[in-house]
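Read off the chains here:
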Amino acid sequence: MRAVPSGVRVYWRILVAGFRRQSAYLMAAFGGLVANTTFGLLKVAILFATVRAAGGELEGYDVALMSTYIWVSQGLLGSVNLFGRIDIADRIKDGDVAVDFLRPLDVQAAAITTEVGRSLFNLIPRGIPSVLIGGLVVGMALPDDPLAYLLGAVSIVLGIAISAATVYLVVATPGFWVVETRGLQILYMVVSGFLAGLFVPIWIFPTWLEVVAQATPFPSMMMYPVDIISGRADTIEGLLLIAVQVAWLAGVGALGQVLTRAGRRHLEVQGG
Amino acid sequence: MADLLAGDLVGKDPALSRLRPYRAVLASRARSQRAYRVSFGLDLASSALIGVVELAEIWVLFHSVTSLGGLDFAQILLVFGLADLCFSLADMTFGHCDNLPTYLRAGTLDVFYLRPQPLLLQLVTSDISLRRLARAAVGLVALVAGLALNDIAWSPAHVLLLVVAVVSGYAVFAGMFVWAGGAQFFLVDGAETTNAFVYGGRYAATQPASVWNRPLWAVFGFFFPMAFTGFLPALWLLGIAPPYGLPDWLGWCAPLAAAWTWLLALASWRLGVRHYQGGGG
Numbered sequence: 000m001r002a003v004p005s006g007v008r009v010y011w012r013i014l015v016a017g018f019r020r021q022s023a024y025l026m027a028a029f030g031g032l033v034a035n036t037t038f039g040l041l042k043v044a045i046l047f048a049t050v051r052a053a054g055g056e057l058e059g060y061d062v063a064l065m066s067t068y069i070w071v072s073q074g075l076l077g078s079v080n081l082f083g084r085i086d087i088a089d090r091i092k093d094g095d096v097a098v099d100f101l102r103p104l105d106v107q108a109a110a111i112t113t114e115v116g117r118s119l120f121n122l123i124p125r126g127i128p129s130v131l132i133g134g135l136v137v138g139m140a141l142p143d144d145p146l147a148y149l150l151g152a153v154s155i156v157l158g159i160a161i162s163a164a165t166v167y168l169v170v171a172t173p174g175f176w177v178v179e180t181r182g183l184q185i186l187y188m189v190v191s192g193f194l195a196g197l198f199v200p201i202w203i204f205p206t207w208l209e210v211v212a213q214a215t216p217f218p219s220m221m222m223y224p225v226d227i228i229s230g231r232a233d234t235i236e237g238l239l240l241i242a243v244q245v246a247w248l249a250g251v252g253a254l255g256q257v258l259t260r261a262g263r264r265h266l267e268v269q270g271g
Numbered sequence: 000m001a002d003l004l005a006g007d008l009v010g011k012d013p014a015l016s017r018l019r020p021y022r023a024v025l026a027s028r029a030r031s032q033r034a035y036r037v038s039f040g041l042d043l044a045s046s047a048l049i050g051v052v053e054l055a056e057i058w059v060l061f062h063s064v065t066s067l068g069g070l071d072f073a074q075i076l077l078v079f080g081l082a083d084l085c086f087s088l089a090d091m092t093f094g095h096c097d098n099l100p101t102y103l104r105a106g107t108l109d110v111f112y113l114r115p116q117p118l119l120l121q122l123v124t125s126d127i128s129l130r131r132l133a134r135a136a137v138g139l140v141a142l143v144a145g146l147a148l149n150d151i152a153w154s155p156a157h158v159l160l161l162v163v164a165v166v167s168g169y170a171v172f173a174g175m176f177v178w179a180g181g182a183q184f185f186l187v188d189g190a191e192t193t194n195a196f197v198y199g200g201r202y203a204a205t206q207p208a209s210v211w212n213r214p215l216w217a218v219f220g221f222f223f224p225m226a227f228t229g230f231l232p233a234l235w236l237l238g239i240a241p242p243y244g245l246p247d248w249l250g251w252c253a254p255l256a257a258a259w260t261w262l263l264a265l266a267s268w269r270l271g272v273r274h275y276q277g278g279g280g
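For the protein sequence lines, the chains are D and V, in the order given. First residue of the first sequence: 0, per numbering that gives the first Met the number 0; consecutive thereafter. First residue of the second sequence: 0, per numbering that gives the first Met the number 0; consecutive thereafter.
Isolated chain D, as found in the complex (with noise of 0.2 Å):
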């Protein structure tokens, strides 16, 4: 009866761990903060622009909406992962991974545990800053509804870890079968940030590329939790947005399980 609650404690210290180790370099973290405020005043002048040649109104998106998208989702880009770099891809690289097998934790939860703890520092040196700095200088709108809050927070932490698992899957576990995967990181930097709604929101997407976009998990990594937070999704439609999410999750969580398996048996064959 004691393993549960025994297990539970041991992914939060792997939890805290991650945390912890990102705040070693709050360098890093300034420079970031940095990327973001430039890149965040780039999209404000083009998509600003687009909403203005659109008559002052576009899918919904007033310039104050957009203000608030351009600057969540550029606090969000130092911990949903849209890079595609995990460490553990790495460690099956180098068979370091054979080691990890030997010790009692699940080889894929912890990957993902370390990666949220670093995603959820994060959001204090990058993603914080960020949103302040452009309510500050460019002026963005918020939600009356303290709901739209906590169901933004919990939608946030679900996309960060979608985007861990996502991660591990598409980048890190083909790694049990072909030596390099760095193409892959590169193929999974390219499409995420773009489906994910990281430069223009997907639902000024044509029709077509937004149903394109819908059938990949991207959009529940950064669309959604931006939609919530900023008001543009109301309760009904934000609880909803965090069903599709936990089901995405459920989704790419267990078919990475699979493939862990898999691979382990694949390592074993090999004599790793």
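Read the hints as simulated data drawn from the structure, not as lab findings. It is possible that some hints are incorrect.
[Stated by the list, open to error] Reference excerpt, derived from the structure (chain D facing chain V, CB under 10 Å, subset only):
no. : residue
1   : 25
2   : 33
3   : 38
4   : 41
5   : 44
6   : 45
7   : 48
8   : 49
9   : 52
10  : 102
11  : 204
12  : 243
[Said to hold, decoys possible] If the Cβ cut is set under 8 Å, some of the chain V residues that face chain D in the computed set are:
no. : residue
13  : 42
14  : 45
15  : 49
16  : 52
17  : 56
18  : 60
19  : 62
20  : 64
21  : 115
22  : 116
23  : 186
24  : 188
25  : 190
26  : 211
27  : 212
28  : 215
[Claimed, not checked] Derived DEER-like restraints, expressed as beta-carbon distance ranges:
no. : chain 1 : residue 1 : chain 2 : residue 2 : range
29  : V       : 162       : D       : 58        : 40 to 48 Å
30  : V       : 44        : D       : 246       : 26 to 34 Å
31  : D       : 93        : V       : 19        : 31 to 39 Å
32  : V       : 185       : D       : 135       : 27 to 35 Å
33  : V       : 113       : D       : 104       : 55 to 63 Å
34  : V       : 21        : D       : 7         : 32 to 40 Å
35  : V       : 106       : D       : 95        : 17 to 25 Å
36  : D       : 93        : V       : 111       : 22 to 30 Å
37  : V       : 27        : D       : 181       : 15 to 23 Å
Each residue gets a CB set at the ideal place from its N, CA and C atoms; glycine is no exception.
Based on these hints, arrange chain V on the given structure of chain D.
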């Protein structure tokens, strides 16, 4: 091509033979990149996809509106094509200056100091990424489409400006990579600070700069002269006056922009190299 580069031809001319070590290194890089065939194929495909997605970011906006910053989509293709082709070529040859923080942390930069060749030249030839050719191809196609779709009153001056713009644009972006490299000696962990201006600069360069406010013009118009890599030359080709009452011959000043960027770049690089104390190896 790789074999040709390393071939005996090189050894016969004394001027060329000085380049021989670099050619040999480049040829081996080319071979090593073809070693993992599946991954290299994926690399090429995703490199082309990067270009396509970047174009799609702009295209999606034009799906909603017909003109942005006074330019329509065909005209933006010209701006994007010019800037993106120049950036891709610079990224292919100078882009791995970005790896400097990794070398600094691992202490492997010290190896470069042991060789009797200039540090920057060694770094530049340390990795030429062939996959990035695919991305340059996307920029080239956009440029050709932009030139074909727009009504340009061609004259010898127009041809000359086009050539000057591509060469200067390449030099501007290459200078940006070197500038960022020099700053890495001080930043090490803060590489994203320079990424904001190198990759943010690329993003800025492919926009219609007429949407910028004055602070953005100060930063990406003149200090990091991104507007000179695509927007201003394209306006001159199209016969459109620049915004903010800027003179319309500004598109011809791209070589000045390139010279200014390299002034920044070499100053940053020299300061950085002097600051470097070694990896303690």
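Worksheet item: When the hints from earlier in the document are held up against this structure, which numbers fail?
Response: Violated hints: 10, 12, 21, 22, 33, 34; rest satisfied.
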